[in-house]
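**Student:** These are the residues of each chain, in order.
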Amino acid sequence: MPTIFHVDMDAFFVSVEELFDPSLKGKAVVVGGRATERGVVSAASYEARKFGVHSALPLRTAALRCPHAIFLDGHPERYREYSHKVHAVLQEFSPKVEMASVDEAYLDLSGTARLFGSPLSAAHALHARMKAVTGLNCSVGISSSKLVSKVCSDQAKPNGVLWIQPGLEAEFLAPLEVRKLPGVGKVMEQRLREIGIKRVGDLAGLEEDFLRRRFGVWGLALAGKARGMDAGSWFDGEIGAHEDPKSISHEHTFDQDTADVSVLETTLTRLTEKVARRLREHGFHARTVHLKLRYSDFTTFTRAHTLDHASQLDHELIIAIRELFQHNWRRGAPIRLLGAGVTGFEESEGQLDLLNAERNERAHKALAAVDKIRDRFGEKMVSLASGLKGDTREKVHENPVGLPGKEPKPKT
Amino acid sequence: MEFSVNKTDLVRELNLSQGVVERKTTIPILSNILIEASGESVTLTATDLELGIRCLAPAKVKSAGAGTIPAKRLLDYVRLLPESEVQIKIGDNHWASLVCGRSKTRIAGMSRESFPELPQMPEAMAKIPMGLLASMIAKTIFSISAEESRFTLNGALLQLKGTTLVMVATDGHRLALVEMENPLAAGEVNAKALLPRKAMNELLKLAAETPDKEAGVEFAADENHLFFRLGSRLLISRKLTGNFPDFERVLPKAHSHIVEISREELRAAIERVAQFSDERSRAIKVRFAENEAVVHSSISDSGESEENLPVLYEGPTVEIGFNAQYLLDFLRAVAEPTVAFHFKDAQSAGEMRPAGEGVNYNYRYVVMPMRI
Chain A
1 MPTIFHVDMD
11 AFFVSVEELF
21 DPSLKGKAVV
31 VGGRATERGV
41 VSAASYEARK
51 FGVHSALPLR
61 TAALRCPHAI
71 FLDGHPERYR
81 EYSHKVHAVL
91 QEFSPKVEMA
101 SVDEAYLDLS
111 GTARLFGSPL
121 SAAHALHARM
131 KAVTGLNCSV
141 GISSSKLVSK
151 VCSDQAKPNG
161 VLWIQPGLEA
171 EFLAPLEVRK
181 LPGVGKVMEQ
191 RLREIGIKRV
201 GDLAGLEEDF
211 LRRRFGVWGL
221 ALAGKARGMD
231 AGSWFDGEIG
241 AHEDPKSISH
251 EHTFDQDTAD
261 VSVLETTLTR
271 LTEKVARRLR
281 EHGFHARTVH
291 LKLRYSDFTT
301 FTRAHTLDHA
311 SQLDHELIIA
321 IRELFQHNWR
331 RGAPIRLLGA
341 GVTGFEESEG
351 QLDLLNAERN
361 ERAHKALAAV
371 DKIRDRFGEK
381 MVSLASGLKG
391 DTREKVHENP
401 VGLPGKEPKP
411 KT
Chain B
1 MEFSVNKTDL
11 VRELNLSQGV
21 VERKTTIPIL
31 SNILIEASGE
41 SVTLTATDLE
51 LGIRCLAPAK
61 VKSAGAGTIP
71 AKRLLDYVRL
81 LPESEVQIKI
91 GDNHWASLVC
101 GRSKTRIAGM
111 SRESFPELPQ
121 MPEAMAKIPM
131 GLLASMIAKT
141 IFSISAEESR
151 FTLNGALLQL
161 KGTTLVMVAT
171 DGHRLALVEM
181 ENPLAAGEVN
191 AKALLPRKAM
201 NELLKLAAET
211 PDKEAGVEFA
221 ADENHLFFRL
231 GSRLLISRKL
241 TGNFPDFERV
251 LPKAHSHIVE
261 ISREELRAAI
271 ERVAQFSDER
281 SRAIKVRFAE
291 NEAVVHSSIS
301 DSGESEENLP
311 VLYEGPTVEI
321 GFNAQYLLDF
331 LRAVAEPTVA
341 FHFKDAQSAG
351 EMRPAGEGVN
361 YNYRYVVMPM
371 RI
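Line order of the protein sequences matches chains A and B. Letter 8 of the first sequence, counting from 1, is numbered 8 in the working numbering, and no numbers are missing. Letter 154 of the second sequence, counting from 1, is numbered 154 in the working numbering, and no numbers are missing.
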């Protein structure tokens with residue numbers, strides 16, 4: 001029977017901020033941006049949560065609910081640094097660590113009983129070690145599956161440990177609302193409610209066949225999840241097993257909708273630059289570029305273009321995405337959100353260019369140097385001149401560039 | 001307007017206009033063909049505003065005049081008629097009536113007034129044998145870029161250099177250049193123009209309809225158009241705007257190694273081996289080692305294939321990745337039985353040329369390798 005830990009840092013962004021400014025302790029703190037800004041809450045302190053502020057809530061709504069809260073832009077580079085520290089601590093306990101995002105991770109502690117004792121004492125040791133090294137609190141969920149462990153850590157918060165012994169998973173899940181199951185969002189919750197399903201126990205009581213007929217393969221995964229099994233998409237994977245991304249994208253929501261071509265194009269340049277940087281980090285070349293446009297009225301378009309060769313070079317991808325933009329943007333229509341992305345990955349460069357062979361070779365070398373500088377000194381140290389004006393404050397993001405434990409595959 | 005025309009003549013000339021007629025119905029008149037009868041012939045004109053073609057068919061003209069009829073409908077119908085005279089009459093109401101033996105048909109047309117005026121051909125700059133022009137097109141057209149956004153690469157560069165003709169096409173991955181002496185050159189002419197791919201295709205069709213390969217095509221250009229006149233047929237193309245890349249810069253100056261190979265053997269080997277290449281990238285490897293050239297390809301987990309060709313080569317072993325399609329395009333276009341493969345290393349452009357005795361023209365095909 002495997003022993004899976006889910007370690008979730010308590011109010012991670014806020015806690016890191018408190019380390020740098022202890023005066024924030026015990027106060028209502030919201031990380032994500034200023035109160036008047038567009039955008040959403042990235043993290044809220046437990047004090048702020050009492051007022052109904054939670055992550056993904058629009059900042060302006062948060063300001064209404066909790067006017068006395070301290071709003072912070074956040075410091076992505078600090079979170080990244082601490083995320084690396086967290087990762088290092090976790091690695092002391094198991095070689096199989098998978099950071100699910102910047103502040104949570106799965107650990108496989110199967111077969112470590114002789115080293116760390118029972119799961120509870122291992123969790124206790126981990127707790128203490130985490131606090132000593134990083135100064136941060138975390139919550140630990142333990143069970144025989146990733147899914148149950150994730151639910152556990154949520155129930156254990158803040159700063160707690162919860163262990164569900166093998167065999168008791170279904171019993172533990174039964175009284176919880178279906179929404180607590182990872183993968184069940186608003187829409188699924190609503191659809192389940194329509195057939196009278198509110199709690200996980202109700203779901204577990206249904207025939208698999210019925211769920212499959214009603215919800216397709218998702219229904220089957222749901223049936224498995226309700227019984228505490230790792231089922232469906234990501235949960236089927238082994239911890240730490242390498243999985244290559246299928247797509248890479250970045251998007252930006254403007255503080256104020258804009259139809260200013262130069263702002264839009266420079267923003268697109270900056271977004272694409274970030275995409276290209278991650279592409280190179282993974283050692284991939286992409287064949288298809290994607291553009292996402294959201295107008296003021298929230299109508300959203302995505303458009304894609306397949307290149308005649310795979311590329312990981314900033315300028316080639318930028319030219320292609322900019323062209324998509326020029327062809328698809330309704331001139332003068334204010335834009336709320338822009339996104340740039342790539343798919344269709346190949347591991348080798350493939351066809352070389354005849355007309356721009358020298359230029360591309362120089363670009364490869366220059367970008368390799370730039371990436372090294374960014375690795376050492378941060379993402380903002382170097383960027384394309386045309387993207388400078390479009391540079392946006394890096395938004396606090398749970399899956400930023402350079403997430404520990406998700407390093408690119410070693411090059412062969 | 002009223003005239004009668006031989007069915008075979010009419011079908012042949014209408015066929016030539018089919019590639020030019022606008023398929024999309026955004027501007028309805030462009031789906032029509034302009035028919036003008038006068039003297040002892042009818043003139044048929046089609047255009048999609050990028051290309052225009054004007055052909056002539058001998059006819060017995062009862063009353064002169066002009067009208068337009070949907071081109072595709074006219075051809076599809078006339079093609080099915082028996083070999084005989086077709087009487088065509090277009091009335092003031094723009095309806096055309098066709099009578100051929102016991103067949104009678106009426107087709108709704110449109111007024112000729114809305115049909116665009118084609119530019120007048122200026123004085124010819126040069127005369128080029130139809131067969132030679134078609135051969136130059138066939139040797140380069142496959143290298144034109146399919147990427148619409150690279151519009152200066154959506155055609156070939158035609159250069160008149162003294163008494164020499166040069167045609168160059170590239171898609172940024174490979175480049176085909178052909179240079180031939182013009183036997184019909186009357187004097188030194190220097191000019192260049194970007195010829196769109198579609199015009200090149202129409203010229204190939206025109207050549208196929210011309211039994212006399214030595215027949216001279218008169219070539220002329222005005223500010224925006226290129227003109228090709230062969231006898232009574234005239235093809236007009238809008239020029240591609242923009243600058244063709246400085247291709248001479250990327251032509252390899254010297255190669256380290258040259259290997260001569262039988263065109264047919266190499267083509268057949270690549271065709272077979274390429275069955276085991278990735279469908280999208282079409283990547284194969286060509287390895288030159290002591291007295292052999294090895295063509296190799298593999299798709300992980302599903303198969304691999306290799307062929308070995310004897311060659312005269314004593315240099316170091318060099319392995320280069322190529323897009324099989326690119327190599328095949330050249331091997332299918334070149335007429336000579338032997339080709340010379342020029343190369344340096346896995347990163348540098350490779351080059352193929354026709355080889356052997358009697359090659360009296362310059363044909364260079366430069367291909368960038370793939371990194372596999």
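Calculated from the structure, these hints are not laboratory results. Treat the hints loosely; a few may be bogus.
[What the hints assert, rightly or not] Below, a list of computed lysine to aspartate or glutamate pairs in the DMTMM-like style, where the Cα atoms sit at most 20 Å apart:
1. Lys205/B to Asp76/B
2. Lys180/A to Glu194/A
3. Lys253/B to Glu358/A
4. Lys72/B to Asp9/B
5. Lys72/B to Asp222/B
6. Lys253/B to Asp202/A
7. Lys180/A to Asp202/A
8. Lys344/B to Glu194/A
9. Lys7/B to Asp222/B
10. Lys157/A to Glu47/A
11. Lys239/B to Glu260/B
12. Lys198/B to Asp9/B
13. Lys344/B to Asp255/A
14. Lys344/B to Glu81/A
15. Lys127/B to Glu209/B
**Student:** With reference to the structure, classify each hint as holding or not holding.
**Tutor:** Against the structure, the hints come out as follows:
The straight-line distance between the Cα atoms of Lys205/B and Asp76/B is roughly 19 Å, inside the 20 Å bound, and the hint therefore holds. Under the criterion of a C-alpha separation no larger than 20 Å, the hint pairing Lys180/A with Glu194/A is consistent with the structure, at around 17 Å. Distance restraint check for Lys253/B and Glu358/A: the Cα-Cα separation of roughly 15 Å lies within the 20 Å cut-off, and the hinted pair is therefore satisfied. Distance check on the hinted pair: Lys72/B and Asp9/B sit about 16 Å apart at the alpha-carbon level, within 20 Å; holds.
At roughly 30 Å between alpha-carbon atoms, Lys72/B and Asp222/B are farther apart than 20 Å, so this suggested pair is violated. Among the hinted pairs, Lys253/B with Asp202/A is inconsistent with the structure: their alpha-carbon atoms are about 77 Å apart, more than 20 Å. A threshold of 20 Å between alpha carbons decides the hint, and for Lys180/A with Asp202/A the separation of about 13 Å falls inside it, so the pair holds. For the given pair, Lys344/B sits about 70 Å from Glu194/A by alpha-carbon distance, which is inconsistent with the 20 Å threshold.
Only pairs whose Cα atoms come within 20 Å are accepted, and Lys7/B paired with Asp222/B is rejected, the gap being roughly 35 Å. About 14 Å separates the Cα atoms of Lys157/A and Glu47/A, which keeps this hinted pair within 20 Å; it holds. A hinted pair counts as satisfied when its Cα atoms are at most 20 Å apart, and Lys239/B with Glu260/B does not qualify at roughly 39 Å. Taking the CA atoms of Lys198/B and Asp9/B, the gap is about 24 Å. The hint is violated against a cut of 20 Å.
Taken as a hint, the Lys344/B and Asp255/A pair is broken in the structure, with Cα atoms around 54 Å apart against an allowance of 20 Å. For the given pair, Lys344/B sits about 47 Å from Glu81/A by alpha-carbon distance, which is inconsistent with the 20 Å threshold. For the hint linking Lys127/B to Glu209/B, the alpha-carbon distance of about 18 Å falls within 20 Å, and the restraint holds.
Figure legend: structure checked against the earlier numbered hints; hints not met, in rising order: 5, 6, 8, 9, 11, 12, 13, 14.
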